[in-house]
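Undergrad: Sequential numbering from 325 applies to the sequence shown in my numbering.
The set of hints was computed from the structure by calculation and includes no laboratory data.
Possibly wrong hints are sitting among the right ones.
As the list claims (entries may be wrong) - Cβ-Cβ distance ranges computed for the label pairs, FRET-style: (1) Glu505 <-> Gly624: 39 to 49 Å; (2) Ser408 <-> Leu713: 30 to 40 Å; (3) Trp520 <-> Asp642: 24 to 34 Å.
As the list claims (entries may be wrong) - With a straight-line Cα cutoff of 27 Å, these simulated DSSO-like cross-link-like pairs (lysine-lysine) come out: (4) Lys503 <-> Lys470; (5) Lys619 <-> Lys662; (6) Lys741 <-> Lys662; (7) Lys526 <-> Lys662; (8) Lys503 <-> Lys619.
Where is the CB? At the ideal position from N, CA and C, for every residue including glycine.
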Amino acid sequence: MVTAAKTLSLFILLAAMTFVPIVPLHAQPPDAPENPSAEATQNESCRSWPLSPWFPWLLGLQFNGVYQDTPHFHSPYEGPRSLSFGHDGNDFTQTYGIYLGWQLTRHLQAYVDTEMFQGHGISDGTGLGGYLNGDVIRAGSSNLPKVPYVARAYLRYYYPLSYEAGHLEPGAGQPETEKLERGMDQIPGEQPVSRWEVKIGKLALTDDFDQNRYADNNRTQFMNYDFLFNTAWDYASDTRGYSFEALVALYQPGWRLAFAIAMEPNTQNGANYDWFDKGSAMAQELGYNLEFDLKPNNWGTVLRFLTYLNEARMGGYDAALALAAQTGATPDILLVEKLGGTKYGLGFNFEQPLADEGETGIFGRLGWNDGRHETWCYTESDRHASLGLQVSGVRWKRPDDRLGVAWGVNGLSTPHKDYLAAGGIGMLLGDGALSYGCEQVMEVYYRFQITRWLAISPDFQLIQNPGYNSDRGPVEVYGVRVRVSY
């Protein structure tokens with residue numbers, strides 16, 4: 325804890341020293357006028373703007389600390405990547421972040437996020453499909469230094485398509501807009517309701533795909549992988565969860581269509597990419613993602629339909645088993661890795677507000693992938709289903725508190741099961757044997773919003789068949805999360 329406190333103090337000091345000239349949050353950047361009335365507003369804004377718009381906005385600072393404990397559970401045998409209940413003092417994880425944004429022109433923005441992660445998490449992030457803590461930088465990252473790193477650095481451009489009633493031609497009036505509050509990677513102000521949007525740079529596919537109002541943020545909501553994103557979506561990312569990508573999206577009041585291409589790392593759960601000097605290799609290490617979001621009624625219902633195709637140096641489970649049969653050795657997926665491996669899948673995601681201005685509601689996900697090639701980036705799951713509920717504390721006079729309850733189940737494809745049962749080691753799994761059962765996760769959290777800046781969240785998880793192995797578990801996980809944010 326002393327080390328964590330020293331690290332946090334040093335991080336805040338460096339942030340203060342580096343970003344002293346940051347623009348105050350109440351200031352508004354000058355926009356290029358689109359009509360005379362807008363020009364008058366802009367002139368007034370310019371007079372109150374103390375620095376150039378090229379100076380960054382400080383959009384957020386955050387510290388997220390998670391401590392989890394796993395009492396002893398039934399474990400008749402273990403492999404090199406089994407879930408373990410041993411503790412080495414690194415179960416307390418800490419994430420620090422500084423989030424900056426620039427309003428470069430009226431429709432062009434730039435964002436740079438710097439983060440730092442400390443700790444390892446229970447069992448070094450291995451042993452489960454639905455892992456316990458979404459903050460953990462997992463197995464394969466042991467050689468990464470525990471120092472600040474650039475998480476995101478990208479440009480966002482949007483072109484308005486919606487205009488006020490009575491104006492049919494583009495440019496005839498101001499776009500119909502929606503208000504945006506200050507947030508991480510979100511400059512306060514307004515944006516068109518109908519628009520084209522383009523992002524390019526380093527960011528996370530999960531910033532724009534498989535979002536859910538009640539379950540997509542492990543720092544304020546559920547912590548288990550099962551309730552962050554579709555676990556059967558092996559989204560392109562490095563071991564920290566980010567990639568270099570290009571995205572284009574069309575937004576309309578009742579729907580959205582988004583497509584993105586992202587680079588795949590050149591090793592399983594890796595941190596490096598093949599760039600242009602690799603030529604054809606780079607072109608075969610990409611992830612393609614397409615999502616259609618639909619708002620079919622006035623009740624706040626949102627339906628999301630996702631499909632994806634990944635290409636990378638993935639090894640096939642059947643190929644690994646065939647090679648092992650020829651040599652009499654334990655199957656090893658690393659021995660059959662080569663360019664040309666593919667994985668494709670589908671996902672469905674819904675959210676349904678019920679009460680309390682939408683702060684009480686239900687959510688769910690379904691996911692499937694073909695499961696022929698190894699897990700490359702996210703987590704070892706080929707089938708997924710989850711369902712959950714968020715309840716606002718307004719019902720017991722704690723309007724900023726939240727209670728969450730959810731259940732999820734993960735499954736494996738037949739080749740994936742056979743590989744693990746034969747003693748194979750995967751990206752996150754490997755008990756040395758397998759008595760297959762679907763992995764089931766239940767999680768309950770309560771977020772006490774102590775002040776605007778401080779939240780404390782006790783958390784409990786119960787896991788049946790950890791790592792899809794009915795010989796082990798069940799596993800109880802007790803945790804608490806402390807979040808300080810600005």
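Undergrad: For every hint, state whether the structure bears it out.
TA: For each hint, the structure was consulted:
Separated by about 19 Å at the C-beta atoms, glutamate 505 and glycine 624 break the suggested range of 39 to 49 Å. A hinted range of 30 to 40 Å holds for the C-beta pair serine 408 and leucine 713, which are about 31 Å apart. Distance hint check: the CB atoms of tryptophan 520 and aspartate 642 are about 43 Å apart, inconsistent with the given range 24 to 34 Å. Taking the CA atoms of lysine 503 and lysine 470, the gap is about 37 Å. The hint is violated against a cut of 27 Å.
Only pairs whose Cα atoms come within 27 Å are accepted, and lysine 619 paired with lysine 662 is rejected, the gap being roughly 42 Å. Taken as a hint, the lysine 741 and lysine 662 pair is honoured in the structure, with Cα atoms around 21 Å apart against an allowance of 27 Å. A C-alpha spacing of about 26 Å is found between lysine 526 and lysine 662, which places the hinted pair at or below 27 Å, so the restraint holds. About 19 Å separates the Cα atoms of lysine 503 and lysine 619, which keeps this hinted pair within 27 Å; it holds.
Figure legend: structure checked against the earlier numbered hints; hints not met, in rising order: 1, 3, 4 and 5.
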